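The listed protein sequences derive, respectively, from chains H and R. Under this note's numbering, think of the first position of the first sequence as 341, with each following residue one higher. Under this note's numbering, think of the first position of the second sequence as 13, with each following residue one higher.
Any given hint could turn out to be false.
Simulated coverage check for chain R against chain H, where a stretch passes if three residues somewhere in it have a Cβ under 8 Å from a Cβ of chain H [stated by the list, open to error]: (1) 46 to 57; (2) 228 to 237; (3) 387 to 399.
It should be emphasised that the hints constitute simulated quantities derived from the structure, not laboratory data. Every value quoted in this text rests on a predicted model; they were computed, and no experiment measured them. Glycine included, every Cβ here is placed at the ideal spot set by N, Cα and C.
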Amino acid sequence: MMEAVEGLVRILEREDVEWEVFYQFGRSGSFKIERETLERSQRKFYSGIGLRVGLKGRLGFSYITGLHPSEEELEKLVERAVKLAKISEVPFRGFPAHENVKRVPGIYDREIDEIPFEEAQGLALEYAELMRGKKAGETISGSISLAVGTNGVVNSNGVELEESSTYMGVSAYAVLSDPPGTGSYSQNFTSLQPFEVLENAVEKAVEEARLSARAEKLEPYSGELVLEPTALESVIGVFLSNLYGDEVYHGRSRFSKPGEEVGSFTLVDDSTIPELPGSYSFDGEGTPGQKTTLVGDGVVRNFLLDHTYASFLGMESTGNALRTFRSTPHIGPSNIVLEPGEESLEDYEGVIVRKVFGEHTANPVSGDFSLTVELGYVVENGELKPFKDNMLVGNVFELLRTLRPGKEPERVQSFISPRVLVGGRLV
Amino acid sequence: MEWLMKRAEELARKHGVDYYEIRLIKVTSRRLAMSNGQLRELSSNSELGVGARAFNGAWGFSSANDRERFEKAIETAMKIAKLSRGDARIYLGDPVRDEVELRVKKPFTAVDIEEALSLVKEIDGMLKGEKIVNRNVSYGDSVVETLYFNSLGSEIRTVVPRIRLGFSVTARENGSMQDFWKSFGGTVGWELIEGIDIDYWTSHVKEKVFELLRASSPPSGEMDVIADPELTGVFIHEALGHAVEADSVKNGDSILAGKLGEKIAVEGLNVVDDPTLPGKFGSYPYDDEGIRAKRVEIIRDGVLVNYLNDRETAEYFGLEPNGHARAESYAYQPLVRMSNTYVEPGDWSFEEMLEEVRNGLYMLGDKGGEVDTANGTFTFGAKLGYIVENGELKEPVRDVALSGKILDVLKNIRAIGNDTRVEFPGYCGKGQWVPVDDGGPHILTRALVGGLR
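Bound conformation, chain R alone (with noise of 0.2 Å):
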């Protein structure tokens, strides 16, 4: 690739660009679903395409996918950016060479797609059930090799494998419907499939649809609502994270600007997004604008103390880069987006968490979120709940949404627990698609749950 690298040189030159970074990314991948005890998808492929950005105050981005175009797209994004009239400027900092492969211990790629296909075979065998209706098993691994360059001489490889796995069952029972998942990832090996406990976690999913389909829905109205450390990880992700990526704050469209520095949550909440946690699923070694991907606390002890940047948004507002820029592909330009989000662990138990609750919910599983984060509102969906009366828990409540105010939400929270976990891989979309990963300990607040009662 030393002729493309050797190329966009002379392009810059020829266009008179100041900036310019250029990402060839090879992934290669294989994905197995089956429904029913019926394969649906079984395929192994590999693509190479490009990503090229140049800057000139404001971005020129061009992409392609086949070989022939390349250099092409290179010399357009070049163009581009010399046509727009833009006066933004942009983090340097100094050149980085540098190769990182996230090392894993047993590579799926050694791993036959046989053995990938008798693993979703036998996890549908076990998720067979009465009143099961529906069993869905999903297997996906990829390898994502990049080679990053840029105008200051950085030249940064980076190969991250990711590994994913999950099942679902839908019950039905006199015309009633459920259904319930879990799903595991990583960008580990296939030690991750090896470490699961299939027996428990396929009895478990079948347990949980039965739970909901005897559930009634919750009350609804403002209450006090215990999120388990799954609930707490995507309440964090909508509530929070969003509203601290710098580009959001740079575009006037987060609540959260102006507010470095004050406090906005209550006492004793940390939060923190760290891509360089070993083996989560939104990990990273380098972001796709070449910045070495660092631990970041957006909340220490209550107050917001750093905005997720890239490139741009850390020059912005004067702040240290932190290498949160990603894009779903080489197709896409690079935006701020979160990697692994978590809460700190705090020092209640569960116990006494729920002793705390006079009326409320236990509310716990991931359904995904949204936010509006100019207006401050958020929503986030759990799977399954319990009604808790004189901190005991009683009937089962139906998967429910539940919504709040940004700044209300982070003051309201009465206790954190001390039983932290990030384990709950998901992707999380701003017009493209990431991994991530987030989670915490059990934590206690109030929230508008939207239920039918």
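Same shape as in the complex, but just chain H (with noise of 0.2 Å):
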């Protein structure tokens, strides 16, 4: 344990309260190519320390930046903590007892905790010339961050737990102005990658923006459509919020209790799955990473649940409190994955949604959305042709039923799935 850690440990044993203590300590170099010219790096440190108090059934929370505080400091951070926890009349539950926790393997890679700085920009500007390299008539711009930090955790329930993890994200992005048309891609990691992946990033870009340059607007559809997974996280993103325990236990979410039909597919958040950016061995409060069926064969099996409202609801926490020094834990998803199915739709014929945008517009209580295509396609007779800027529309609750799975996934950042038969419209 960290001396600040250590300080603070010590003066909370001598309050009569319950305590936890999260703490995190990393750093990031981000590096921002525009035009196919390095145009910002960055180098950032942050550090912090998160107390939360329990008292008579209420809860307290206050925080501080740095790992060096003096001992005044800390002091100061118990008492404020303490005082709202008087005051504050948020409920208090408990916190999370030590359990074993197995440990996630390749979340953590040596090689981005120690590459310099300088061969970190190196590799900027190699990718900057790698897209100066592949322009044809494009604009290129991109990015490459690299992150390590370190999380921990300790209660005084026994709970003493340190991760640290790291990052590797890549974007590009291409524009061609005339016709207009836009692509891009992105993808995160936990190990430092090779050139290929920088290669791939920016040729998955260009031609996405060429495809996108050619597409026009569809006339209106409705029927059976693919949606690529891409599209499907934005539509699975209105559905979800309905699986979190707060928003259930509050009264926001279509579903009170388990055991709602919902479709035939299943979809589990899983944060122990190897080397993925999403996965942890424990969450912000302490619980085990684990696997959960959100649904399993149709059927609402769980919720997404910290430790608080998992007691609220009579269930077990699923370890998704998630969270920085600076909050108290939320409720979110790991890693989320729709697992394959029966269809095949590699080489479909028909109409294909790849990209949406919008899907903060629509209504998750309801389920009604309405998304703008960015971009997808019509396959007929090994014939490709683009369209983009329709509407897909449609309430999720109906389409999920519709929803037939593919056989081969395919991971976009933290939501893993195949491509998916649905019935949809595009307006």
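Using the hints, build the complex out of the two chains.
Pasting the structure below:
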């Protein structure tokens, strides 16, 4: 345990309260390339300590930044959190007890942790050069980010955990101006990637921009269509907030308990998948990460839960308390996986939607959505005709009832899914 | 902090950096959130951090929030700038020395957190009702104190207070669910809260949510749409504002590149972005590059007359700097952003506008939006609407998103109302979040409506 946390624990042990200390420290380097030129490089440092105090069924929270506080600052932090617990009325349902935590492999890469900044910036300069080499009429932009961070939780129930993880993010963005077309690609990793990953990013963005520039608006269409994982992620996002335990408890979800039928697919949240940036061995309260079936064979089986809302709902925490040192835990997904099914959709002929945007304008409680199609295409006799600017409209609960997953899963950041077949409508 | 300024100067000399700027920011904030009468959050915190940028043909940036790393962050930014091999140029201009505190009538810092808690409880109680399955109330305030200094000798101290109150209800009937909400905010004090007719607004959100429960989904397809002042705000923010942020233009990412001086909208359309409007949520006295905030006319009588810019894009386009570089916090680099964006009033009354519509929709409220500035397509969401038939308002329709092409819809505006309001606070995301306000009068245009009918 680091010195500041040890000092804090010593003070807390004198008080007649339950407590939890969550600390973080880390650094990141990121590089932004605009029109094939490295324009902005940055290196950030962050650290801080968040303290939750439970007193007579009430919760107080406060935080400080930095990891070198004086004894006086630590005393004040405790004093503030205790004072807030006295007036707060935020219900306190205890902190998780110590459990054995199984470490998720592959989420820390020493190479990223130890890469000299100059070398990382060199990689970004090479990436810019690659863009210059690949361009033909497009302008190409993009970014590389590298980060390392450590999270730790210590509480009065004997939890004492610390974990470091690393991150590499890659993005590319291509624009054609006349006629206008855009293409983008982004992916994230837990380890330093070979140069081919950068080449692939640029190629995918350029290919998509060329498709987009050829795309025209499609005549209104209603019927069977395929959603690629990126478009499906937007639609699933509208549905997912109905599975957050706090939304369920506070009546802002379609569901009040597990058991309702929603279709014939399986959707899981899994923070234990090796080598994924959404993975962790324990959540922001020290609950071990786990695989949770949210929808199993079409039936709602569980919700995303932290310790507090699990307790309110008479359930068990699913280890989905996400947080920073600045905040108390909030419920959120880790990696969301839609399990593959039986449909062969790789050579599907018909209407395919690749990307949509505007999902935050959708209404998660009614389920209605109308999303702008950024890119789609119709495949006929092996020939591909791109389209854009239509709206994909529908109701998420109705759409999911028609969903039939394909066979080949693909990863888009922390969402893993095959292409899926749905009944949908384009206007 | 004199030692930090002195040290920055020494480090710049050591690393041969031409230009640097440092923001030392202290934020004091409080937040309360309540759901269904249960308090979910009550916090009161403050933090201090530093963000340092150095320029050497390209930008180097570093930030830290541990005091022991402040100096290192400054040196890191300089080292990075030195390593970068860019050939960009930036606007330098004269040094500025100033101290500005946005004055309020009744500082919220003098109001105990207990009083804010009773306000939240009172509103929660007023939102109760049959069929209401969820009530949410949130209150937040913050004071941001910034010391900005740069290598030109600028030294600017600003204090910006900001307050926000929002509440929502969700209603359920026969398995159907809907929600409705209202928020208030500004760079003002507790007088904002005292000026709100809580009785009226809590009844209003309940009334509207019940109307939504009865509403059907609107028809789909391209049609005439009257937007209310709140929806006009998000429309102009998405349909125009993002595409005139000069970093997008410079990066080849805007459909409005090369269109300065061109007529891109109907005659009579005037659009302004003004961070100097007193008390608005998106207001500020200086931007995060130490440039004085300035009212900018974006469209004058249908002609695109200006971009919003920062030090780099002002120099690149040979424009006068207009103070639109904003950062979410010390830990972020400034980007070109909007502040309070609005459409100036025209001369149509709402009734006259309504009479113009044979078949269309009257859509109200802002559910946010998104834009693809390079393709020129945008989406924006409305909370509620009404069918319009032969100039008359008919049955209500549910919240829905609309979409359009920037270059088409600005030319499709058929009527501009005389009732401009700029009082719809929100946050705008562009990789980082900043507070903004927007608005305008009622306007009549055409858009693609994504209804389910």
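To see whether the hints hold, each was checked on the structure:
Restraint check on the stretch 46 to 57 of chain R versus chain H: 10 residues with Cβ-Cβ distances below 8 Å, three needed, restraint holds. By the rule of at least three residues with a Cβ nearer than 8 Å to a Cβ of chain H, the coverage given for the stretch 228 to 237 of chain R holds, with 3 such residues. Judged by the Cβ-Cβ criterion of 8 Å, the stretch 387 to 399 of chain R is covered by chain H as claimed, because 7 of its residues qualify and three suffice.
In this structure, every one of the numbered hints holds.
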